[in-house]
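Student: Keeping their order, the protein sequence lines are chains A and B. Using my numbering, the letters of the first sequence correspond one by one to residues 1 to 751. Using my numbering, the letters of the second sequence correspond one by one to residues 752 to 1044.
Incorrect hints may have been included.
[Claimed, not checked] Chain B side only, calculated, beta carbon under 8 Å to chain A, not exhaustive:
hint: 1; residue: P788
hint: 2; residue: S792
hint: 3; residue: G844
hint: 4; residue: I845
hint: 5; residue: Q847
hint: 6; residue: E855
hint: 7; residue: M862
hint: 8; residue: R909
hint: 9; residue: L946
hint: 10; residue: A978
hint: 11; residue: T981
hint: 12; residue: T984
hint: 13; residue: S992
No wet-lab data here; the hints were simulated from the structure. Every residue gets a Cβ at the ideal spot worked out from N, C-alpha and C, and that includes glycine.
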Amino acid sequence: MTRTRIPSITHYALLLAALALVTLAGFGLYTWYQVDQLREEVRDNGREAARQELASALDHVRTQATQQASRFARWEEVRQQLGTPQYYAYWKNHRMHQAAILADRVVDARIYDRDGVALPDSDAIHLPGAIEPPPPAPRAVRGDSEPSLLIIEAIPALTATDPPPGYVGLKSQFLDSLREGHVFRYINPESIRFDFGEQHAIPATELIRYAQFDLRPNPMADQVEELLSGAVINLGAILGVITLALFATLVYLIVRPLHHISGHIDRLRQSSGGLVLERVGGVLPIAETEKIRESLNSYQARLMDVHSSLEEKNREFWRIAHHDALTGVRNRRAFEESWDTLPRLATRHTYPVCFALFDINHFKAINDSYGHQVGDAVLQAVARDIDEVLRDGEHLFRIGGDEFAAILLDCDRSGARSLGERCLERIRHTDFTQFGVREPIKVSIGMAVATDNDEQSLLTLQWQADVAMYKAKRPGSPQVVIFTPELAKDAQGLYSNWVNNAVYDAVTQGTGIRMSYQPVIALDEGHPSYFETLLRIEHQDEVIGPADIFPIVEARRLEVDLDRAILNRLLRDLRSSQIPAGFGISINLSGPTVVNAGITQWMEAFVPFLQDRQIILEVTETALITEIGQATENLQKLRRQGFLVALDDFGSGYSSLRYLASMPVDTVKFDISLIRTLDNPDQHQIVESLVQMISDAGYTTVAEGIETAEQLTRVRNLGFNFAQGYYLGPPVPLSQRLPPALHSPSGRARP
Amino acid sequence: MSGWFLRSAVAVTSIIMLSLGPVAASGEEVSVTLEMPSGHSAEAAYWAGEPDMPAILIQHGFLQTHHFPTVRRLASALADSGFNVLTHSLTLGINQRTASLPCEAVHTHSMPKTREEIATWIDWLHTRTGQEPVLIGHSAGSVNLLDYLAHSPEAPVRHAIFISVTFFGHGEAAFESPEHAARARADLARNDSGLAEYALGFCRQYVTTPTAYLSYYDWDKQRTDRAFQTINTPSTLIAGSADDRIDLEWIETLRQHGAEVRIVDGANHFFDQMHEFDLLDEIEWALHRHQAQ
């Protein structure tokens, strides 16, 4: 998704300034246009006013000329000339122009008699010699240098009824009078001129049509125009400057501080803090930006405090999150993080990497026997012992209840073995009696070494260590086991996918379960007393044995489900009489099943079959020790229902007689490891005494793992009641013919 | 002469009829226009007075009209007193002249033409009132009346009053000189009757023909003095003691010719201001005295 680019305040300020300038420019242009229109209007008005002014002046000049002619016509001396024409020439030459009647602009004047004939004179070249009464209207005639007005006026008669006694003709120049006799506001008087075209004379009233002139500069209008133009320019310039100043002020007062603050925030984002925003207002500080700055600095300071506190808390949280509260060593989370970083760390080096798993043997029994406080103390002591053996920089992780792990760099097989031995040695020398634990605390150590630091090798380290641990946990195995490819073969079932699937299907759906029956021989009679039901799982012609089944079941905590599936299968076989009547059987129950509250209800279905056979429930001492209270209660209920209880694999674990005394069991089955010790003369006496003591306590005894006639002889001699083993009969399915089992009398079972 | 007179009489009669029309009311001024023997029309103001009161003709001074203030005030005052008063303007060669003729104008008039016009008006007044009028002249107008009386010994004139009487020819208040007269006479001798520039009376420049010029110029002090000696009409001379345009001493000498001389103390040539009434008193006194006679 593309991120929308948000304009900065500078862009908005620029846009605002641009808009203001454009508006100003538009307003200025519009105002300029208006001023120009006004200028044109003033010019047109001036031109029209000038034309009217000139028309008025021409009218005045024409009126003056007419009045002049009228005065002249009324002059009594003119009438005198009509009576004495013989003196007219003299009068005209000597008197006419000197009498102040005619103005200087009168170029010539002439007197005509009543018939329009000019009185005789000498050189009246400007006026016609005769006129045609009535006299024409005043005319303007073309002149050499300027036009003249030609006016013919009738001399008034003495009575209104009489015709005019004569006429006067005046020809006068009017241009100077026009120019000098009027005050022209609009016209430059010197520019007044007339162009008659081809005409010689025109009516005086039409002079304005032939007039040409130039307008007088109108200082007022020009000044107003100049003022207006100047005002528009000045206003535009001032507003433009103000706009730019506002823009600059905006930039200086707001944009710059905001940029400063924004840059400071960016630097804060990229820094680890400690930056203080200096004053951003320059010489013109603004309260708002100053407030922002102070708030930002205050907020930043508080943020730093919070950050420091958070860091402190984080460190504490990290420590809490990555350390085991009980033992103080690192926890599973820390382990996983370290494990995740291991490939990256290891690939940078060429040294071998070792992974070690530590598991306290029978810790649950310790916990239950001595209480959690003791168990916790044992855990703390073991963790401390191992951690002290580790080198600097190596950490011990508690990854489970009693499981610890360590990642050891630059550690080869010998180093790993040496470390494991040192750990065992250290634990061996630890006095656990201080916690009240009388039994020795043993730790199984499974280790794996990756000589190739590629990622694949490292990833398989845990699996290899698990395999090694599995091996170390096996009875008779050394406590420190380093993974070898051979161990992988033994543990194949545990981790084979198809085995997993088959086991899971058997547990959840009951498919593939095939029970085998191994006879338990009554030694005093030599016949099978009953048959121990042993689980096999068939899957596509493959048979999966207990060695592969139980690690998976235990790893997945499927013990109860598996036991219920087996019980269902046995119940079905019993009901279907596939297990013949009188055919006693023993059923192995896991620890979780024994302590399960529903066990008595589940087993009620078997009660009817107790009528003609004995059903023995085999439990391991480990299972009993885990929750001995609940286990004891359940077993007592089962015994009251008629079931017998056998303690299985005695001698492979704690083999504590204290536990045995407190457990509601009827039979003790000696583990094969104890039976094998009979081959050693030094240990024979111990087993013999133990058998004797248990028998004396009222328990029946079973010797497991009889594989040879010698072993059978020995256990018979030792007083065992029953024996079991391949020598006496391997586990076989019901499809094979089984030897008949002896019916045990009711009451306390004696297999 | 008789033809001219008949033609004039016809003209006078017709003009009277035309001009007066209905009879003017007593004391009311009417304008009278008469055609002069020269063919020009002349104007006058006429106040019809009481029937038994004398008729008076007042003649204006040189180149003036009957609108001249001294004349006008006098006529009006006499009309108010019940006299039949006529004051006219000489045409001076201009039809219906209404304005004084400037010295610089072409002067085609002459003393004889003026005399004819005065005679015409006297005849008109005589005819109009049926009385022999009293003539009153002012300044050079007195000379015109004197010229008329000198040439018309039978004129129907009862009495003549000459106010501020003066004379032409060389004198103290005149610009003409014997040289002007000599030049005019020379022109005439050469038969040159054209216009020429002279000086006459108060005119330093006076354009006229030699004949016309001399018709005035010849009415000098001696001729005027002789005229007073020869006229039959009772005469009264009124002069201001402060008049610098007249020869007051000469006027005083006229007593010896039978003329009655009245000197108004302090009055000037025009009897301006307060002397206007003095003049009127003197005239009325003279009229009543002669009326009583």
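Student: For every hint, state whether the structure bears it out.
Tutor: To see whether the hints hold, each was checked on the structure:
no. : hint : in the structure
1   : P788 : violated (13 Å)
2   : S792 : holds (6 Å)
3   : G844 : holds (6 Å)
4   : I845 : holds (4 Å)
5   : Q847 : holds (5 Å)
6   : E855 : holds (6 Å)
7   : M862 : violated (17 Å)
8   : R909 : violated (33 Å)
9   : L946 : holds (5 Å)
10  : A978 : violated (29 Å)
11  : T981 : violated (33 Å)
12  : T984 : violated (32 Å)
13  : S992 : violated (36 Å)
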